[in-house]
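Residue numbers (this note's numbering), protein chains in the order written: chain A, 976 to 1181; chain B, 2 to 252.
Please keep in mind that the hints were generated in silico from the structure rather than gathered at the bench. Check before you lean on any hint, since a few could be wrong.
[Claimed, not checked] Take a look, some chain B residues computed to stay more than 10 Å from chain A by CB distance:
1. Arg14
2. Phe114
3. Ala150
4. Arg198
5. Thr225
6. Glu248
[Claimed, not checked] Restraint-style ranges between C-beta atoms, simulated for each label pair:
7. B:Glu208 / A:Asp1039: 56 to 66 Å
8. B:Gly199 / A:Thr1005: 21 to 31 Å
9. A:Lys978 / B:Ile25: 18 to 28 Å
10. B:Glu208 / A:Thr1049: 46 to 56 Å
Every residue gets a Cβ at the ideal spot worked out from N, C-alpha and C, and that includes glycine.
Take a look at the letters that make up each chain.
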Amino acid sequence: MDKAPVSRGFRSRQAEQPTKDRLPPGQYVTMGFPVLSAGPTPQIKVESWNFALQFGGSLLGKWDWAEFEALPQTTITTDIHCVTKWSKLDTTWQGVTFDDLLKAVGLAKPRARYIIAHCDGGYTTNVPVADLVDGQGMVATRFEGLPILPAHGGPARLLVPHLYFWKSAKWVRRLRFMEMDEPGFWESLGYHIYGDPWKEQRYDGD
Amino acid sequence: MTVIETAAMPGRRLEWQLAEVRDIGVETPRVKSLLLHVATWQGHLPGQHVDIRLTAEDGYQAQRSYSIASPPEDELVTLTVERVDNGEVSPYLVGDLRAGDRFELRGPIGGYFVWTVATRGPLCLVAGGSGIVPLMAMLRHRARRNVRAPAMLLYSSRSLEDVIYREELDAMARRDADLRVVNTLTRKWPTRWKRYRGRIHKSLLAEACFPPEQNPKIFVCGPTRFVEDVSGLLVELGHDPLTIKTERFGP
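Next up, chain A with everything else stripped away, as it sits in the complex:
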């Protein structure tokens, strides 16, 4: 497009926006917490929940709920950005960092460059390991100090807040190391393979 047409009468809300270093391009701030999922919300009881770390088909570690809760806990406050344009500022999450998961299975360094997350309901998403290490990614089990509601991904969701929020997969049950990057669910359906909100990588080719 050469130049965007101006919509006369469309009122600018520039003055109401957070500073540019806080809100990625094309996003707006919401006070709510919208829910976007491709199917019904799985109702998973923590008694039957477990979580696994895998390399290809081999198991590196597996935890039931109590064991997972006993892992070192980290709390972070961060902004989240959904590809459907909403952003939510200053959200607080608690869970187990990817670094601590590696430590828990005795890995000095990651086994491969990529992971794919597998979730209840069949959802998958791919994330480079470089975006999970050094405190960047966690498996979260609390939101604002309370258990995460099923509609928001409880009992546990992946949290990679510097990427669009579809990468923070709800109902995560398995992280599997992969040598090669493989598209997950939305990534196979026209969404961007990496999803950096600051580069506005919403869709394939962005």
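Assemble the complex: chain A is given as a structure, and chain B must be docked to it using the hints.
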């Protein structure tokens, strides 16, 4: 989860395109349909959506997503928009936009919440409020192709005047013995209202929808709470969660 097909071209960027408003239709007191001419439109599948981007005089821009209401067979791309009180974009689209106005749009987006006549099995649609929009694209597509595969729509609205596409849906159902349209009104209804009243509940779903044994393709669209409730009830009724595709909107 299986993917039917997708119109997305791998690796090719979805460019912003210019949309010109050809006509605006009043659907309900809060809802209008924008009929758009998009010269560079590459086609879409029923159920997909677009991103639109508005630019204010000072250069400020806002983006939002809207479902496409028109079938792929139509020349114009129709978006049906409900005015959200205190919203930033929808009050402008519903209240200020005029025929001849132009804005930016890109799409189509989304390859999962999609149905085409090539899809096998009965079609089961459940809509709450303006959640009807992407489902209407499916029904219009089905009607255009004269497909006789069984289909049903269970549509919950606040009141009769809030029923979007009411006349078109009634006419569609009259013409097509294989399509059943079931309306329920949740807040107020005419004294002679003979259809359903109140929110969608389990027995209404069981009665209106195809049973799990028929392996229907199910699409549920509406406000978050509505979709959570309906999709949960469908699972309780024995439908495989992987056959239920959902789209939620609103906080």
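Hints and how they fare:
no.: 1; hint: Arg14; verdict: violated (3 Å)
no.: 2; hint: Phe114; verdict: violated (7 Å)
no.: 3; hint: Ala150; verdict: holds (22 Å)
no.: 4; hint: Arg198; verdict: holds (26 Å)
no.: 5; hint: Thr225; verdict: violated (5 Å)
no.: 6; hint: Glu248; verdict: violated (8 Å)
no.: 7; hint: B:Glu208 / A:Asp1039: 56 to 66 Å; verdict: violated (41 Å)
no.: 8; hint: B:Gly199 / A:Thr1005: 21 to 31 Å; verdict: holds (30 Å)
no.: 9; hint: A:Lys978 / B:Ile25: 18 to 28 Å; verdict: holds (24 Å)
no.: 10; hint: B:Glu208 / A:Thr1049: 46 to 56 Å; verdict: holds (49 Å)
Of the numbered hints given earlier, the model fails hints 1, 2, 5, 6, 7; all others are met.
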